[in-house]
Amino acid sequence: MTDATLPAVSRSLWQDAWLRLRKNRAAVASAVVLAVLALVGIFGPMLSPHSHATIYQQYVRVAPSFEAYPKAEDILPGFEREMKRARLTGAEPVLEGSRLSVALTAGEKPIDPRVTRYFERSELFSAPQLDLAEDGMTGTLTVSVNRQYFILGTDNLGRDMLTRIMIGIRISLAIGLLASVMALIIGVAWGATAGYLGGRIDNVMMRIVDILYSLPFIFFVILLLVFFGRSLVIIFIAIGATEWLDMARIVRGQTLSLKRREFVQAAEALGATRRGILTRHIVPNLLGPVVVFVTLLVPKAILLESLLSFLGLGVQDPMTSLGLLISEGAQNMRGAAWQLIGPALTLTAILFALNFLGDGLRDSLDPKER
Amino acid sequence: MTDPVLSVRDLRVTFQTNDGPVQAVRGIGFDLGRGETLAIVGESGSGKSQAMMAVMGLLAANGKATGQAVYRDAQAGGRPVDLLALSDRQLNKVRGARITMIFQEPMTSLDPLYRIGDQLAEPLRYHRGLSKAAARPRILDLLRLVGIPEPERRIDSYPHELSGGQRQRVMIAMALANDPDILIADEPTTALDVTIQAQILTLLADLQKRLGMAIVFITHDLGIVRRFADRVAVMRAGEMVETGPAERLFTAPEHPYTRMLLDAEPEGRKEPPPAGAPELLTGRDVRVTFRIGGGLLKRGRDFHAVDGISMRLVQGQTIGVVGESGSGKSTLGRALLRLLPSTGRVAWLGRELPQGAQEMRPLRRELQLVFQDPFGSLSPRMTVGRILGEGLLIHEPDLSPADRARRAEAALVEVGLDPAMRNRYPHEFSGGQRQRIAIARTMILRPKLIVLDEPTSALDRSVQKQIVMLLRDLQGKHGLSYIFISHDLAVVRALSDYILVMRDGRVVEEGPTEMVFDAPREAYTRDLMAAALSRDRFGRLALG
Numbered sequence: 001m002t003d004a005t006l007p008a009v010s011r012s013l014w015q016d017a018w019l020r021l022r023k024n025r026a027a028v029a030s031a032v033v034l035a036v037l038a039l040v041g042i043f044g045p046m047l048s049p050h051s052h053a054t055i056y057q058q059y060v061r062v063a064p065s066f067e068a069y070p071k072a073e074d075i076l077p078g079f080e081r082e083m084k085r086a087r088l089t090g091a092e093p094v095l096e097g098s099r100l101s102v103a104l105t106a107g108e109k110p111i112d113p114r115v116t117r118y119f120e121r122s123e124l125f126s127a128p129q130l131d132l133a134e135d136g137m138t139g140t141l142t143v144s145v146n147r148q149y150f151i152l153g154t155d156n157l158g159r160d161m162l163t164r165i166m167i168g169i170r171i172s173l174a175i176g177l178l179a180s181v182m183a184l185i186i187g188v189a190w191g192a193t194a195g196y197l198g199g200r201i202d203n204v205m206m207r208i209v210d211i212l213y214s215l216p217f218i219f220f221v222i223l224l225l226v227f228f229g230r231s232l233v234i235i236f237i238a239i240g241a242t243e244w245l246d247m248a249r250i251v252r253g254q255t256l257s258l259k260r261r262e263f264v265q266a267a268e269a270l271g272a273t274r275r276g277i278l279t280r281h282i283v284p285n286l287l288g289p290v291v292v293f294v295t296l297l298v299p300k301a302i303l304l305e306s307l308l309s310f311l312g313l314g315v316q317d318p319m320t321s322l323g324l325l326i327s328e329g330a331q332n333m334r335g336a337a338w339q340l341i342g343p344a345l346t347l348t349a350i351l352f353a354l355n356f357l358g359d360g361l362r363d364s365l366d367p368k369e370r
Numbered sequence: 001m002t003d004p005v006l007s008v009r010d011l012r013v014t015f016q017t018n019d020g021p022v023q024a025v026r027g028i029g030f031d032l033g034r035g036e037t038l039a040i041v042g043e044s045g046s047g048k049s050q051a052m053m054a055v056m057g058l059l060a061a062n063g064k065a066t067g068q069a070v071y072r073d074a075q076a077g078g079r080p081v082d083l084l085a086l087s088d089r090q091l092n093k094v095r096g097a098r099i100t101m102i103f104q105e106p107m108t109s110l111d112p113l114y115r116i117g118d119q120l121a122e123p124l125r126y127h128r129g130l131s132k133a134a135a136r137p138r139i140l141d142l143l144r145l146v147g148i149p150e151p152e153r154r155i156d157s158y159p160h161e162l163s164g165g166q167r168q169r170v171m172i173a174m175a176l177a178n179d180p181d182i183l184i185a186d187e188p189t190t191a192l193d194v195t196i197q198a199q200i201l202t203l204l205a206d207l208q209k210r211l212g213m214a215i216v217f218i219t220h221d222l223g224i225v226r227r228f229a230d231r232v233a234v235m236r237a238g239e240m241v242e243t244g245p246a247e248r249l250f251t252a253p254e255h256p257y258t259r260m261l262l263d264a265e266p267e268g269r270k271e272p273p274p275a276g277a278p279e280l281l282t283g284r285d286v287r288v289t290f291r292i293g294g295g296l297l298k299r300g301r302d303f304h305a306v307d308g309i310s311m312r313l314v315q316g317q318t319i320g321v322v323g324e325s326g327s328g329k330s331t332l333g334r335a336l337l338r339l340l341p342s343t344g345r346v347a348w349l350g351r352e353l354p355q356g357a358q359e360m361r362p363l364r365r366e367l368q369l370v371f372q373d374p375f376g377s378l379s380p381r382m383t384v385g386r387i388l389g390e391g392l393l394i395h396e397p398d399l400s401p402a403d404r405a406r407r408a409e410a411a412l413v414e415v416g417l418d419p420a421m422r423n424r425y426p427h428e429f430s431g432g433q434r435q436r437i438a439i440a441r442t443m444i445l446r447p448k449l450i451v452l453d454e455p456t457s458a459l460d461r462s463v464q465k466q467i468v469m470l471l472r473d474l475q476g477k478h479g480l481s482y483i484f485i486s487h488d489l490a491v492v493r494a495l496s497d498y499i500l501v502m503r504d505g506r507v508v509e510e511g512p513t514e515m516v517f518d519a520p521r522e523a524y525t526r527d528l529m530a531a532a533l534s535r536d537r538f539g540r541l542a543l544g
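Respectively, the protein sequence lines represent chains A and B.
According to the numbering used here, the first sequence is numbered sequentially starting from 1.
According to the numbering used here, the second sequence is numbered sequentially starting from 1.
For the record, the hints were derived by calculation from the structure and aren't laboratory data.
Heads up, none of these hints are tricks.
Short derived list, chain A residues pointing at chain B, Cβ under 10 Å: (1) Leu19; (2) Phe263; (3) Asn285.
Don't be surprised by glycine CBs; every beta carbon is placed ideally from N, CA and C.
Please model the entire structure based on the sequences and the hints provided.
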């Protein structure tokens with residue numbers, strides 16, 4: 001009789017959480033933003049016409065623009081400059097589409113066909129074509145104008161900001177995720193073990209955490225970098241190695257309350273081993289709070305990496321990260337505000353999205369809400 | 001007859017959930033006369049609490065009430081007001097002053113940070129504008145009224161210094177502070193020991209006689225309202241199936257559901273095991289001691305939770321362990337299974353049980369435990385199939401997953417559940433079903449002894465009966481032995497053939513069930529039985 005009442009649909013806790021999360025517009029929008037940014041970080045640099053390391057000496061600190069560089073008014077002066085270098089004289093150049101042609105006038109000597117090299121070397125022009133008359137004294141020179149787009153401008157060395165921001169997203173998200181995964185694995189294993197075993201083992205394990213806590217983070221990172229040299233991997237490790245401490249404390253606290261729950265006692269009464277109880281009962285039930293903490297840990301790791309890069313301890317040129325870009329932008333913000341605004345807005349968007357998503361997850365996983 | 005103080009008409013409560021709207025209360029109506037006691041009885045989920053919460057405007061955020069709840073305030077000249085139409089601010093003048101409420105959990109309904117006196121002063125200061133000093137004599141009166149000993153001292157105590165029964169008395173005092181017209185009592189005795197339950201009920205009846213307020217008494221236990229209520233309304237699935245004077249409802253129930261609730265007392269007796277049954281478990285002088293307090297220099301005090309208990313269990317026998325909460329009965333059960341460090345001898349089939357967890361592990365298969373709370377004892381992140389299969393994973397690691405699944409299905413069938421349910425999660429099941437799953441989890445290992453730690457006390461009466469029958473069936477089929485720990489004497493009587501009565505860690509009385517129930521020697525045993533209230537429950541034991 002009373003045993004016949006079951007809800008119509010079967011739903012696990014995660015499905016339930018997902019249903020609630022879907023109702024939270026801010027969280028869903030954040031998840032979409034993050035997904036898009038992640039795709040941009042992964043595929044953007046591959047699709048971009050510029051490499052993040054290419055330096056365009058002609059286009060140092062150019063402002064963001066949807067128009068192609070060189071701009072129309074810069075083409076002819078640039079061409080004149082190259083003509084002068086090649087010691088060529090000619091009539092008025094004619095620009096048709098992206099082809100620029102000029103009728104060369106006769107000088108004292110015949111025109112050397114190798115003058116095209118001057119135009120090949122130029123970043124403005126490519127594919128020079130020289131049609132000489134029979135006597136070699138006159139002819140027509142045709143070059144293509146290289147049109148480059150710098151939608152977000154370029155930096156002080158003349159590198160495309162858009163590509164660099166996309167690389168920055170890639171590196172920052174990767175550091176955020178990898179460092180968080182590292183913190184997650186170490187923290188959950190450490191905290192759950194300490195909390196479940198309790199007693200003296202717990203005491204020793206948590207005192208180790210306390211000792212590591214008391215090391216200043218920057219000092220610790222410098223130490224690591226000095227010992228192992230500067231590399232991306234060391235940065236992952238440095239951030240992961242400090243962030244797991246929080247995770248271990250949170251997990252231990254949760255474990256302490258979980259191990260007094262009856263289903264853990266029931267497993268003990270069944271004869272389950274400690275390891276079985278930890279992996280089958282404690283860790284799966286920890287996941288709710290842990291998932292939430294991880295979404296808040298990712299932005300923290302990104303910020304830490306930014307801090308390290310800002311201080312010059314992070315990734316190295318020409319590789320870049322959002323933190324490094326912001327640091328460079330901050331130095332040039334008077335003359336070239338776009339160098340700061342682009343990466344700063346991107347980082348803000350990522351952090352906002354992660355925090356909103358974390359909040360949404362916490363609300364949707366909280367059993368009190370059901 | 002004067003106008004009823006509260007008349008409810010076509011009250012509906014709807015909750016918006018992820019699965020669409022759920023109707024918790026489906027159009028109920030009743031009248032509550034001045035000074036009348038109305039008991040609303042129903043099993044969990046019948047909407048009895050939600051109906052009164054709706055009247056008080058205390059529904060959860062996703063709940064909505066429609067209909068009418070007309071309240072006639074005697075102080076305001078009996079002018080009718082529809083409570084459901086009032087704004088929150090207007091409602092606040094009524095609730096806590098004219099209509100008050102007491103809840104099930106006295107442990108959590110008092111704020112642990114404030115003294116009793118301050119908390120009692122709250123309604124007086126808010127509704128009457130009394131100063132702290134002016135409220136004090138009134139508070140002392142109230143504490144005296146609800147029978148708190150030494151009110152002058154208790155007024156400055158913190159909640160944790162009071163016992164559960166005393167806290168519930170304080171809650172009643174708080175509800176009475178402003179001489180209400182209506183007192184709503186939502187399962188006020190469920191969380192208390194049987195003896196305390198009786199005291200609280202007597203207090204409520206007595207207060208009503210002296211103060212003349214109307215009481216709405218919400219409970220799932222039909223037994224306790226018989227002597228107490230004037231009228232009884234029976235609710236089922238959001239509807240009122242039967243209302244009537246208490247006496248008529250008990251002697252001539254009309255609706256089959258009411259009849260079912262009335263016969264929900266577990267019945268039948270267990271036959272004692274044959275005389276030559278082999279001995280399974282013996283305990284001699286078992287003691288469990290906890291160290292309380294103590295600091296760096298101070299030595300803590302020793303607390304003897306189990307204080308030298310000896311017992312003998314033969315195959316096929318059920319020993320019932322009864323006693324109030326805190327008497328050490330659960331601790332004894334765990335100590336016998338070596339789940340707690342203890343001293344004294346515990347022998348299983350003649351061999352001493354090892355103390356170490358490692359050596360104990362293979363023996364766990366034969367010695368099982370079922371917990372009180374079926375909501376807490378099943379891991380929420382595992383499917384029923386995995387929960388059932390866990391014991392097999394430990395004790396028969398060679399079984400293939402398919403074999404484990406088959407055994408799990410067989411175990412579900414054995415406890416009367418659909419085997420297709422093994423892919424579901426525990427939170428999808430009702431309390432009774434979960435307790436069946438918990439029993440199946442132990443049965444799958446074919447144990448010889450199961451310690452049942454209050455397995456029925458979190459369940460509705462009718463479900464209790466089914467679980468008791470299931471346990472008896474399984475015992476007959478597999479020749480199991482039980483140690484049945486409970487404070488519910490009706491269930492103990494139906495299930496066990498030998499009784500241990502425990503108090504403060506010691507056995508005060510023991511003997512075959514019939515003997516202990518029919519001729520209790522100790523006053524404590526008699527108290528326990530008298531407190532169980534319903535006279536139908538105990539054959540010859542008559543209540544005054």
